[in-house]
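Chain order of the listed sequences is C and Y. Mapping of the first sequence onto the numbering used here: position 332 corresponds to residue 332, and the numbering continues sequentially without gaps. Here the numbering used here runs 342 ahead of the position in the second sequence, where the first position is 1.
No incorrect hints appear here.
Some chain Y residues judged to face chain C by a derived CB distance under 8 Å, without partners named:
{"id": "1", "residue": "L345"}
{"id": "2", "residue": "G422"}
{"id": "3", "residue": "P440"}
{"id": "4", "residue": "L443"}
{"id": "5", "residue": "E483"}
{"id": "6", "residue": "I667"}
{"id": "7", "residue": "P668"}
{"id": "8", "residue": "L680"}
If you are wondering where the hints come from, they were derived from the structure by calculation, not from laboratory data. Computed from a predicted structure; not experimentally measured. Just so it is clear, CB atoms sit at the ideal spot from N, CA and C, and this is done for glycine as well.
Letter by letter, the chains look like this.
Protein chains: 2
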Amino acid sequence: MKLVTIQDLAQIVKKHGFENFMSDLVSYLKNDFVRWNEFDKSPRYAAHVPGGVLELMPTADKQYFTYKYVNGHPGNPLEGKQTIVATGQMSEVKYGFPILLSEMTALTGFRTAATTMIATEYMARKDSSTLALIGTGAQSEFQALAHRMVRPIKTIRYFDIDPLAMDKFERNLGDKGFNLVRCTSAEEACNGADIITVCTACKKHAVVIENSWVKPGVHINGLGGDCPGKTELDKAILFRGKVIVEYTEQSMVEGDIQQITPEEVKQVLHAELWELISGSKVGREEDSEVTIYDSVGFAIEDFSALRLTHDLAHKYGIGHDIDMIPPINDPKNLISVLDLHK
Amino acid sequence: MKLVTIQDLAQIVKKHGFENFMSDLVSYLKNDFVRWNEFDKSPRYAAHVPGGVLELMPTADKQYFTYKYVNGHPGNPLEGKQTIVATGQMSEVKYGFPILLSEMTALTGFRTAATTMIATEYMARKDSSTLALIGTGAQSEFQALAHRMVRPIKTIRYFDIDPLAMDKFERNLGDKGFNLVRCTSAEEACNGADIITVCTACKKHAVVIENSWVKPGVHINGLGGDCPGKTELDKAILFRGKVIVEYTEQSMVEGDIQQITPEEVKQVLHAELWELISGSKVGREEDSEVTIYDSVGFAIEDFSALRLTHDLAHKYGIGHDIDMIPPINDPKNLISVLDLHK
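Just need the whole structure built from these sequences, with the hints factored in.
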């Protein structure tokens, strides 16, 4: 089987090109999401621990089974460590053998941005040119670059409670042709924005975005309300317009819609993302609508990311072959790998 | 983080010694099982597919989170492939970062045998000298060698529907000092046995062992009744004596006790394995009792196996260091691993 480390993935992305990687990932995601009913779906497994959460996100279609391991520890950066680290594996369903083991920390950045890109494509106004980005952590540059691939984003208005995170954001994107407007509050960042994308890590019921800041016509990507007890949007925002989610069952537990009752969810929920891709539901219809993508991250997104990584690792011959499957001719002679006779 | 491949594990076992590895694993298992209430426990995640099953088995204590990926495809050997292949990962709970990625196919062989060894230690008659082994597949040699570490096993009476699997068993254990008695049926193998250990892979409700073959005083290790619709024991055997399981909630779905009602389970279930280790329940009390260990395999067993592998990999300096955690000083600067400026 193939092992793809961080350096391997960086090589793959360099060889393929960042934007090509992102747009191919969007294609893989769309191909997988429209086959929604072919997938084995379940809410993620989560072990909640004092400092955070440890999760497994499995899914399968008829050909592949994938899962991602990912943690979420909001206090990690205080000790110089990343909030999330992820790894994942892909197996063939037919025999059950693993074929790819991959880093998924960077891949999670990619797939979250690529999925947001799809939501933005269907939900944001076509002429959206100003993006408000609240939270300039690990995910922010992926988001900034992805948004520009589907909307004519000229200006990014950004805010983070950590000034160093804003400095870093500027260093990374200073030469990418954006008009970067550093703000002193989330409210200031939202002022005049066509799209508001929120991605913070604080594990509590926060009101990062207040209802009064959201003007008619705005599209919101709410990315950081993604586990029980962790929300970002003023609850009133959810009643402002069409809400879409990835997978209702999981989102009611983990998303910003955990703040409202099941009856209220029925009232505000417009579609699952795959229904926009398949065309069975439409996204934005009026320029004055408010639209909300309440994202939590779903296993099929990791499935698509692993599928693309697998294909590109083979295409470019990048990655390491590792012996994780016993190299034995007789499948019942497992103990022979231990050379007991020697 | 550390990667332990099949060859790495084989080296570790060679360096440490097969019996030392097995007995240390028994110690780790006992240390973990007695802390039963400290673990985050849940039944495994299983995706049932036409040819088999794909599973994730997570668990955690306050220090480590582990999971195993394992498939079970009974038809694989017909195509020269192993029935099960497994991999696993261990992370530190404090920060959520993975520290070990390991092969677990051979480790599953070890931990299943080591757990059976514990059940046998508490449940089998002290003077047990004849072992009946039904199924001489990948697990059989691990079992044979493990049983001898806790009981004075002289004779092994064995049967498999595949004669080649019996040939292989003889080649592997011919020089290990056992009196090997090849049988032409499971019934013949059980004749005169003190312990009956059954480990077959057929995914259906089979009656591999009939009630009338089980004489007073016998201990049964039922290892292959381990998923819904897959059982091995004549249901009547479950009413013959003390039944023990690893984790009742999971075993009622996956074990041989899936054949009986919850009320009947209450009636026959004597203890969970950890209660024998902690001393809160006793195992065998009379030489004439029939005792039954209905095993399905539980996540804590993989936890112990990964913990031991981690400790020995570091002790002997075996395994590969791989970059699966982004090597960045600023935890929020994830995108820097992609070198977008170059």
